[in-house]
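Sequence lines, in order, name chains A and B. Position one of the first sequence corresponds to residue 111 (the numbering used here), numbered consecutively onward. Position one of the second sequence corresponds to residue 20 (the numbering used here), numbered consecutively onward.
What the hints contain is simulated information worked out from the structure, not anything from laboratory work. Among these hints, one or two may not hold up.
Far from chain B, some chain A residues (derived; all Cβ distances over 10 angstroms) [said to hold, decoys possible]:
1. 114
2. 121
3. 123
4. 128
5. 130
6. 137
7. 139
8. 152
9. 153
10. 158
11. 163
12. 177
13. 180
14. 183
15. 220
16. 222
Residues from chain B that face chain A, not an exhaustive set, calculated with beta carbons under 8 angstroms [as the list claims (entries may be wrong)]:
17. 59
18. 79
19. 119
20. 122
Glycine residues also receive a C-beta, built at the ideal position from the N, C-alpha and C atoms.
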Amino acid sequence: KAGVTQTPRYLIKTRGQQVTLSCSPISGHRSVSWYQQTPGQGLQFLFEYFSETQRNKGNFPGRFSGRQFSNSRSEMNVSTLELGDSALYLCASSLAPATGGDSFGSGTRLTVV
Amino acid sequence: DQQVKQNSPSLSVQEGRISILNCDYTNSMFDYFLWYKKYPAEGPTFLISISSIKDKNEDGRFTVFLNKSAKHLSLHIVPSQPGDSAVYFCAASGLQGAQKLVFGQGTRLTINP
Chain A
111 KAGVTQTPRY LIKTRGQQVT LSCSPISGHR SVSWYQQTPG QGLQFLFEYF
161 SETQRNKGNF PGRFSGRQFS NSRSEMNVST LELGDSALYL CASSLAPATG
211 GDSFGSGTRL TVV
Chain B
20 DQQVKQNSPS LSVQEGRISI LNCDYTNSMF DYFLWYKKYP AEGPTFLISI
70 SSIKDKNEDG RFTVFLNKSA KHLSLHIVPS QPGDSAVYFC AASGLQGAQK
120 LVFGQGTRLT INP
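Start from the sequences and build out the full structure, keeping to the hints where you can.
In structure tokens form, the structure reads like this:
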């Protein structure tokens, strides 16, 4: 079966712009989580969605937001981009929360210049 | 505050020998622990998990040990193979995985032929 699909793979934006990243979970998976990976901070949890509702949220400013659609696809949005937002953004899906062993996509590499 | 720490950024091991990756945590509410493996340009791949009700879980060449009193877990890979060269992340969660995953910063494992 197809894995977690994230688009686009690479993105370059300028400071102050906004960006929307997309994640299509594995078919049948209803829980989607987003993570930010940077060299200095490792993998940091952004948010988790299940049945179109945000279940958990990490310690990120309000510029970071997300949503989930009825088909379980998810988007995350970052507004007013800053240089420090440059990172690999990873999406993970699972059948439901608390099932562990999430499957990750390959990520979207965002570069802010 | 780094609740999950992998103090060794890198580890080099000879092919065929044992690789031991370590992880420490500070939050006593964590009760579910996972290890992920990540190749460049790919998302993390789930390897193995352990619940706090156990102190050992084994899956083929991979064994995870949990020492709750020391708040320490380790991943043993025996025997190490060149394909094991990757970055390994440990992660922890509360409520048996119902809470968000908190990741360590990763350890880059290199297996030398």
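Looking at residue 137 of chain A again, its CB stays over 10 angstroms from all of chain B? 17 angstroms, holds
Is the nearest CB of chain B more than 10 angstroms from the CB of residue 114 of chain A? 7 angstroms, violated
Report holds or violated for the interface hint on residue 79 of chain B, using the least CB-CB distance to chain A and a cut-off of 8 angstroms. 15 angstroms, violated
Beyond 10 angstroms from each Cβ of chain B, as asserted for residue 177 of chain A: 18 angstroms, holds
Chain B versus residue 128 of chain A - minimum CB to CB distance exceeding 10 angstroms, so not interface: Holds, since 24 angstroms exceeds 10 angstroms.
Confirm or reject the statement that residue 153 of chain A sits farther than 10 angstroms, beta carbon to beta carbon, from all of chain B. 4 angstroms, violated
Take a quick look at residue 152 of chain A and tell me if its Cβ sits farther than 10 angstroms from every Cβ on chain B, holds or violated. 4 angstroms, violated
Once the closest CB in chain B is found, is it more than 10 angstroms from residue 121 of chain A? 15 angstroms, holds
10 angstroms Cβ clearance of residue 180 of chain A from chain B: The claim holds: residue 180 of chain A sits with its nearest Cβ about 23 angstroms from chain B, beyond 10 angstroms.
Restraint satisfaction for residue 59 of chain B [CB to CB of chain A, less than 8 angstroms]: 10 angstroms, violated
Cβ separation check - residue 158 of chain A to all of chain B, threshold 10 angstroms: 6 angstroms, violated
Is it the case that residue 130 of chain A keeps its Cβ farther than 10 angstroms from each residue Cβ in chain B? Correct as stated: the minimum Cβ-Cβ distance to chain B is 19 angstroms, above 10 angstroms.
When held up to the earlier numbered hints, the structure conflicts with 1, 8, 9, 10, 17, 18 and fits the remainder.
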